[in-house]
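For the protein sequence lines, the chains are A and B, in the order given.
Under my numbering, the residues of the first sequence are numbered 1 to 367, in order.
Under my numbering, the residues of the second sequence are numbered 368 to 690, in order.
No lab work stands behind these hints: they were computed from the structure.
Just so we're clear, the structure is a prediction, and the values are computed from it rather than from any experiment.
A few of these clues could be false.
Claimed, not checked - Once the Cα atoms are required to be at most 20 Å apart in a straight line, the calculated PhoX-like pairs of lysine-lysine come out as:
#, chain 1, residue 1, chain 2, residue 2
1, A, K302, B, K459
2, A, K52, A, K89
3, A, K89, A, K39
4, B, K471, B, K459
5, B, K558, A, K305
6, B, K558, B, K523
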Amino acid sequence: MWLEIVIWQPLRVVTPPNEKDQALEKLPLMSLAILDFEKSVTELERKIQELKRLANKQSQSGEKTEEGAAKGDSLPDDMGEEIARLEDKVAKQLKSLYANLSPWQKAQVARHPDRPHFLAYVEALCEDFQPLSGDRAFHDDQAIIGGLARFRGERVMVIGQEKGHDMATRVKHNFGMARPEGYRKAIRLMALADRFNLPILTFVDTSGAYPGVGAEERGQAEAIARSIEKCLDVSVPIIATVIGEGGSGGAIAIAAANQVLMLEHAIYSVISPEGCASILWRDGSHASDAANALKLTAQDLKGLKVIDEIVAEPLGGAHRDPQAVVQALSDALYVALQAEMSRDGDGLKRQRRQKFLGMGRNLGVAA
Amino acid sequence: MSWLTDYVRPRIPGFSAKKKEVPDDLWTSCPSCQQMIYAPLLSETHRCCPHCEHHMRMPMLERFALLFDDGQFERIDIPSVAADPLKFKDLKRYGDRLKDAQTKTGEKDSLGAAHGLMGGREVVVAIMNFAFMGGSMGMAMGETFVKAAEKAIEAKAPFIIFTASGGARMQEGILSLMQMPRTTVALQMVKEAGLPYLVVLTDPTTGGVSASFAMLGDLTLAEPGAQIGFAGKRVIKQTTGEDLPDGFQTAEFLQERGIIDVVVARKDMKDKLVQLLSLLLGDALLELPSPEEVPGERLPDVAAEEGSQDATSDDAATEAKDA
Ligand SMILES: [Zn+2]
Chain A
1 MWLEIVIWQP
11 LRVVTPPNEK
21 DQALEKLPLM
31 SLAILDFEKS
41 VTELERKIQE
51 LKRLANKQSQ
61 SGEKTEEGAA
71 KGDSLPDDMG
81 EEIARLEDKV
91 AKQLKSLYAN
101 LSPWQKAQVA
111 RHPDRPHFLA
121 YVEALCEDFQ
131 PLSGDRAFHD
141 DQAIIGGLAR
151 FRGERVMVIG
161 QEKGHDMATR
171 VKHNFGMARP
181 EGYRKAIRLM
191 ALADRFNLPI
201 LTFVDTSGAY
211 PGVGAEERGQ
221 AEAIARSIEK
231 CLDVSVPIIA
241 TVIGEGGSGG
251 AIAIAAANQV
261 LMLEHAIYSV
271 ISPEGCASIL
281 WRDGSHASDA
291 ANALKLTAQD
301 LKGLKVIDEI
311 VAEPLGGAHR
321 DPQAVVQALS
331 DALYVALQAE
341 MSRDGDGLKR
351 QRRQKFLGMG
361 RNLGVAA
Chain B
368 MSWLTDYVRP
378 RIPGFSAKKK
388 EVPDDLWTSC
398 PSCQQMIYAP
408 LLSETHRCCP
418 HCEHHMRMPM
428 LERFALLFDD
438 GQFERIDIPS
448 VAADPLKFKD
458 LKRYGDRLKD
468 AQTKTGEKDS
478 LGAAHGLMGG
488 REVVVAIMNF
498 AFMGGSMGMA
508 MGETFVKAAE
518 KAIEAKAPFI
528 IFTASGGARM
538 QEGILSLMQM
548 PRTTVALQMV
558 KEAGLPYLVV
568 LTDPTTGGVS
578 ASFAMLGDLT
588 LAEPGAQIGF
598 AGKRVIKQTT
608 GEDLPDGFQT
618 AEFLQERGII
628 DVVVARKDMK
638 DKLVQLLSLL
648 LGDALLELPS
658 PEEVPGERLP
668 DVAAEEGSQD
678 ATSDDAATEA
688 KDA
């Protein structure tokens, strides 16, 4: 499905560095995967890259002479104009494409390999992040990472699924598919947060819990069930954000939260469109139909009142401007956290329980 | 064994070859040992094979009758929920599938609940009906679970559930997934009221049901040979290419690995439940605080519309934020 090509540098213009920017430099932008429906845009983006590379080469060779150094970054006029013209065209195409993404296209954007993943967000959103390892029983599952951190000065616990950003890290993190020990680590960290009155920020990005023999033998179902139970039991705020793919039980295990945020192009579903198509249509190629039927977009889920807020993504999706999406999410999380921190422990628990008990009751009753 | 030996028919070699000639309603073959079974016998053996004791799936009403004293129980109404909230259509409309299942089973949805006496003690029992769309979990199941939990709290009665489900009902999309936290909230309130919540896993219990209320019992029992797990065997094989060990995902396999407490044959189930409740709670009538003294709030009225729920300051804050 992915057309992966290894290319150049990030597209975004580099702004003056500060702490956050330095963290963002670590964001995974080694490769750009091309989505089918974006082909014409990516063609243009490649042209722009090539022009910039040429211009850069020219200015670098110029810098070797004293005259060239004075010119600095400026490009030859014609090349600059061409770049500006193409960039304008890209922006227009992206705007119309992304304003009208189908649910199936959104699923592909949500799974885009260059989309920022959990660790990138934590690095960019938090200071002082100290990962904590293991479930104290079996293993340290790398598909769910969690630890202590500061978010905008507030001491918090962060927990999330990490998919990895290249082959080595994808394997290390098992593509974001946790085993029981991952959920048991999450449970342990939620209990720790509860004890020290630390709000919990969770980040959901998984195609689902790992379906394996060992996972079943160690009680995958029980681990997920206990994780949901723990979410609903703690006396501290939990804010969950679906940053990419919210895959079924593996997702809700860390998302039974006081508030659930969702990035604009993320998806959240009881089953993958492919899985649903292969069962109900008896044909995986009906994934697009299944994606439509499942109502898995942030916009649909807000309508069903299953999520609370949609966090806007930059034009062309989070992977085109990670810095912008980090900023938007930071602001949204801050607002949500402030609101929830005004409740006491019992109030938080009550709000969470009533929120989930009430879910679906607002949709009208059958005659 | 004795309850079965009376009914055991001698093995008739080659009899199965003539299977088609006998009327379907009189003879059936065991899915496990393939021997022929005189069908009217199955209600007496509670749907267990007289030859090999294989536990077949049991109709919901038969199970209620088996569990309650003298077969006497009162059903708890299944609340109405939004039908087909997503207007879901695959090869068939969900609305039509739902109607077909209702016609076929005579039930509103896949979970039934009842209360009555079991061993002289008031209990609430919920039973998942695999015959209704594979026991799939949707909004109606969630509401029935909540209502049954509410009844248990009101009657100060233990809450027992028999699970049987292929998992979430895809046609209700995310709303089906949301029944995992919803049922969890309900059982947490049962536990906080000091009442036991017992789970009996029957064949099959998988997916979203296994990963929520089915695995949160104070005690977890299972019927012999029941298939219990999170992911389906086919998915595991396809995803990992791993060979599945013998007896993988059976009740016995799970007990050996410490995931469930005890495997109990169907014929012994009621006595075992009565014994366990007696061991947990003593033989005296339950001495529990009245509902007013129970920590935590009561469950909101199931039938209440959103707007008519108690507008606590918390709700008001949430709604203000939404606006
Ligand atoms: Zn048999």
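When the hints from earlier in the document are held up against this structure, which numbers fail? When the structure is compared with the hints, numbers 1 and 5 turn out to be violated.
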